[in-house]
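For the record, the sequence lines run as chains F and R. With this note's numbering, letter number 204 in the first sequence gets 204, and the count goes up by one each step, no holes. If you want this note's numbering, it's the 1-based position in the second sequence plus 283.
Please keep in mind that the hints were generated in silico from the structure rather than gathered at the bench. As the structure is a computational prediction, the values presented were derived from the model and not from experiment. Treat the hints loosely; a few may be bogus.
Here are the simulated EDC-like pairs of lysine to aspartate or glutamate, each with C-alpha atoms no more than 20 Å apart in a straight line [to be verified]:
id : chain 1 : residue 1 : chain 2 : residue 2
1  : F       : LYS115    : R       : ASP297
2  : F       : LYS178    : R       : ASP430
3  : R       : LYS461    : F       : ASP143
4  : R       : LYS398    : F       : ASP14
5  : R       : LYS398    : F       : ASP147
6  : R       : LYS477    : R       : GLU509
7  : F       : LYS115    : R       : GLU447
8  : F       : LYS178    : R       : GLU447
Have a look at the derived ranges for each label pair, beta carbon to beta carbon [stated by the list, open to error]:
id : chain 1 : residue 1 : chain 2 : residue 2 : range
9  : F       : LYS87     : R       : HIS490    : 48 to 58 Å
10 : R       : GLU333    : F       : GLU69     : 18 to 28 Å
11 : F       : ASP202    : R       : ASN322    : 30 to 40 Å
All C-beta atoms in this analysis are idealised placements derived from N, C-alpha and C, irrespective of residue type, glycine included.
Residue-level listing of the chains:
There are 2 protein chains.
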Amino acid sequence: MYHGYFNGTIASTDQLTVGVTDLSLLRGYGLFDYFLTYNGRPFQWDWYWERFQNSASRMHLRLPLSKDETYAIVMKLVERSNEASRKNGLATPIDVAFRFILTGGYSADSISIEKPNLLILTEMIHPVPAVQYEQGIKVILDDYVRDMAEVKSTDYKRVILMAEAIRAARASDLLYQKGGEISELSRSNFFIVKGERLITPDKHILHGITRKTVIQLAQSDFQVEERSVLLSDLYDADEAFTTSSTKKVLPITQVGELTIGNGHVGPKSKFLLERFDELVQSW
Amino acid sequence: MYHGYFNGTIASTDQLTVGVTDLSLLRGYGLFDYFLTYNGRPFQWDWYWERFQNSASRMHLRLPLSKDETYAIVMKLVERSNEASRKNGLATPIDVAFRFILTGGYSADSISIEKPNLLILTEMIHPVPAVQYEQGIKVILDDYVRDMAEVKSTDYKRVILMAEAIRAARASDLLYQKGGEISELSRSNFFIVKGERLITPDKHILHGITRKTVIQLAQSDFQVEERSVLLSDLYDADEAFTTSSTKKVLPITQVGELTIGNGHVGPKSKFLLERFDELVQSW
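Full structure from sequences and hints, please.
Written as structure tokens, this is what we have:
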């Protein structure tokens with residue numbers, strides 16, 4: 001049902017393979033981006049493309065396709081998903097997640113970049129369980145900061161290494177902090193609410209497209225502050241939440257042993273999730 | 284000519300491929316090891332296996348094969364290389380490099396480890412040009428320390444990112460230092476010689492098998508010190524060199540703008556290279 005593109009070919013994802021001299025496999029040299037379609041249209045396409053291009057440039061990888069060429073492939077893959085969903089007797093087209101992966105490509109000497117490999121994959125969207133929106137999630141603090149956090153490299157070793165610690169704490173994710181300064185969760189951004197103020201870290205973060213969207217949606221109702229967020233800021237926060245393309249606006253009610261606000265999902269988080277849902281429903 | 288093993292199959296390396304849901308591709312989650320054969324025998328096999336196993340354990344990946352099973356595959360691949368070299372009319376078997384790669388494996392949700400993938404590849408050995416042994420190499424300092432340096436993860440983003448800076452400085456590699464403390468080169472260990480003392484960093488390093496071999500070879504002629512090595516140690520060092528399986532004992536005569544000793548390859552480095560060459564020739 002899910003298809004992908006690699007080197008001029010569109011095929012079922014389970015048929016797509018990469019040769020073993022690719023620098024992502026040999027040297028962890030790769031970057032990616034990830035977005036959803038809503039009503040069959042790529043959400044915030046211009047912003048995602050810009051970020052993808054920026055990551056590529058920061059990692060000295062030349063994109064093998066232009067924006068328009070890439071968009072044409074994206075829409076071809078959307079059409080394939082729709083065909084598959086019609087075949088399965090579904091009345092409405094299904095939305096999909098897109099994962100773009102750009103690697104250092106095949107390397108003869110196992111270290112030098114020759115020609116980057118670009119993969120464009122569609123994937124099933126894994127929605128966050130409704131109970132997490134109702135109760136909020138728990139995260140645990142981790143003394144870590146992502147190297148080149150603003151580049152969406154494929155380096156997610158840390159959260160995979162910490163999987164057992166997260167499970168043991170009955171938490172959902174890590175909240176990275178270094179020297180008392182909070183940056184982000186393992187795959188999403190971080191916000192706190194204090195009164196009418198919406199506060200989010202501005203350094204050592206991936207510049208999330210959902211983060212940017214939420215900041216826009218919040219402009220008329222909040223005083224938005226992009227600035228350093230310290231661990232001490234958690235103690236008098238009314239609410240906290242995290243944003244990502246799949247998580248949308250997901251409340252955080254506990255950080256380690258610390259309860260945020262009154263421990264329940266707050267009205268500001270709910271309000272912003274509603275605004276976000278309205279936006280994507282009419283996308 | 285070069286073959287590899289993946290999931291029960293031995294095939295020509297250019298025929299081996301990995302599916303696109305592998306966590307090395309999606310999340311940079313992989314580790315490896317790398318060693319050479321001498322006279323058709325894997326050099327220091329026991330030590331390499333121990334290190335590979337240790338890396339796997341540190342990254343919570345279960346090895347799908349035992350040491351004996353792996354050794355049997357290694358020797359089968361050595362035999363394949365010999366067959367190929369006979370077919371090409373070569374009288375003596377060629378030695379090869381082995382690269383073991385263990386990844387997080389295919390992941391349905393793009394983040395959870397299910398079953399690791401193990402690749403065993405043979406590769407051509409790229410020997411260091413003779414001129415580098417005669418004149419020594421230049422390295423440039425880089426303000427960096429590898430995360431979990433003692434684990435041979437596939438994370439070599441840094442040196443690929445810095446390739447242009449290395450070229451621009453007409454250097455061969457990076458020498459990592461953080462806060463004035465030297466750890467290692469991008470893919471090899473670091474030693475300095477002061478009089479009869481052989482000094483090498485002991486922290487934030489990959490525990491090189493060539494490093495360990497050289498320390499053994501040096502025992503009777505040097506006072507070996509495994510300890511912190513500071514930038515200031517470079518100023519009164521007589522000699523410096525780097526060790527790795529392909530570099531063996533490779534002299535370093537320049538660090539950035541600083542000349543080491545008299546700028547020529549020193550007698551102690553030559554002595555240790557000779558001892559190393561004797562060892563591998565009779566392996």
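inquiry  = LYS398(R) and ASP147(F) were given as a pair; does the straight-line alpha-carbon distance stay at or below 20 Å?
reply    = With a Cα-Cα distance of about 27 Å, the restraint between LYS398(R) and ASP147(F) is violated, given a limit of 20 Å.
| Range agreement (Cβ of ASN322(R) with Cβ of ASP202(F), hint 30 to 40 Å) | 59 Å, violated
- Item | Range hint 18 to 28 Å (beta carbons of GLU333(R) and GLU69(F)) holds or violated | Violated, since GLU333(R) and GLU69(F) (Cβ atoms, about 49 Å apart) do not stay within the stated range.
Beta-carbon spacing of LYS87(F) to HIS490(R) - inside the hinted bounds 48 to 58 Å or not = Given range 48 to 58 Å: holds, Cβ gap about 55 Å.
Problem - Pair hint LYS115(F) and ASP297(R), alpha-carbon separation not exceeding 20 Å - result: Measuring from Cα to Cα gives roughly 16 Å; hence the hint holds.
| said: With the threshold set at 20 Å, check whether the alpha-carbon distance from LYS477(R) to GLU509(R) stays at or below it. | reply: Answer holds: LYS477(R) to GLU509(R) is near 13 Å, not above 20 Å.
Exercise. Take a quick look at whether LYS398(R) and ASP14(F) sit within 20 Å of each other, Cα to Cα.
Key: 16 Å, holds
message = Next pair to validate is LYS115(F) with GLU447(R); report whether the Cα-Cα distance is within 20 Å.
response = Measuring from Cα to Cα gives roughly 16 Å; hence the hint holds.
- Message: For LYS178(F) and GLU447(R), compute the direct alpha-carbon distance and say whether it is at most 20 Å.
- Response: Roughly 30 Å separates the two Cα atoms, so the pair is violated.
Within a Cα-Cα threshold of 20 Å, do LYS461(R) and ASP143(F) meet the stated pairing?
18 Å, holds
Is it true that the CA of LYS178(F) sits at most 20 Å from the CA of ASP430(R)?
15 Å, holds
Comparing the model with each numbered hint stated earlier shows that hints 5, 8, 10, 11 do not hold.
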